[in-house]
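Participant: Sequence:
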Amino acid sequence: MSWEYNHRVEAAGSAVPAQAAAAAAAGEQAVEREAAPAREAELPLVSVHPAVRRRESVSRIHLFAFAASVLLTLLAFGAAIYGEMPADLLVPFLMLMAVIQLVIQLIDWMRLKNGGGLYSILSLIFGGVITLAAIGAAIYWVWI
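Residue numbers (the working numbering): 1 to 144.
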């Protein structure tokens, strides 16, 4: 059974009778042609496999995340370099841009939107532990 035939049958609402589906599973090609719904000619033949469509969707999401990260970086850089913003507003603005970018990158690049998997979550926890240790060491080194 070809993928195109399966796709047409699924698009038609699985209108194939149970006996035709059983015969198709057994590999009888002649029954497939007879069991195809009458509306088969009306349905367009889609040549894009669902996995390809999913990859294109993921690529768009990655492109959006990359563009948003670049835009946030440029906003933060512009605010810091031009000095138009008062200093008491600059630091919170930079921190806000950093937190937004962190969330975008965690959701997209670490794949936390899909549950993340154990490896991604453990990597995130390990990175947090190392970061806290580095901050603690820097504070200890400077003030103590």
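The set of hints was computed from the structure by calculation and includes no laboratory data. Be aware that one or more of the hints could be misleading.
Estimated spans, in silico, between C-beta atoms of each pair [what the hints assert, rightly or not]:
(1) Tyr140 <-> Asp88: 35 to 41 angstroms
(2) Ile144 <-> Ala65: 16 to 22 angstroms
(3) Ala67 <-> Leu122: 26 to 32 angstroms
(4) Ala80 <-> Trp141: 23 to 29 angstroms
(5) Ala98 <-> Ile139: 32 to 38 angstroms
(6) Ala134 <-> Leu75: 25 to 31 angstroms
(7) Glu84 <-> Tyr119: 25 to 31 angstroms
(8) Phe77 <-> Tyr119: 28 to 34 angstroms
(9) Ala67 <-> Val129: 21 to 27 angstroms
(10) Gly136 <-> Gly83: 18 to 24 angstroms
Glycine is no exception: its CB is placed at the ideal position from the N, C-alpha and C atoms.
Participant: For every hint, state whether the structure bears it out.
Facilitator: Checked hints:
For tyrosine 140 and aspartate 88, the hinted distance range of 35 to 41 angstroms is not satisfied, since their beta carbons lie about 28 angstroms from each other. Between isoleucine 144 and alanine 65 the Cβ separation comes to about 40 angstroms, which falls outside the hinted range of 16 to 22 angstroms. Distance hint check: the CB atoms of alanine 67 and leucine 122 are about 29 angstroms apart, consistent with the given range 26 to 32 angstroms. Our hint of 23 to 29 angstroms for alanine 80 and tryptophan 141 holds, since their Cβ atoms are close to 26 angstroms apart.
Separation of alanine 98 from isoleucine 139 is about 19 angstroms and departs from the stated range, judged on CB atoms against 32 to 38 angstroms. In this structure the hint that alanine 134 and leucine 75 lie 25 to 31 angstroms apart at CB holds, the actual value being about 26 angstroms. Between glutamate 84 and tyrosine 119, the C-beta spacing of about 43 angstroms breaks the proposed range 25 to 31 angstroms. In this structure the supplied range 28 to 34 angstroms holds for phenylalanine 77 paired with tyrosine 119, their Cβ-Cβ distance being about 33 angstroms.
In this structure the hint that alanine 67 and valine 129 lie 21 to 27 angstroms apart at CB is violated, the actual value being about 31 angstroms. Taking the beta carbon of each, glycine 136 and glycine 83 are about 32 angstroms apart, not inside 18 to 24 angstroms as hinted.
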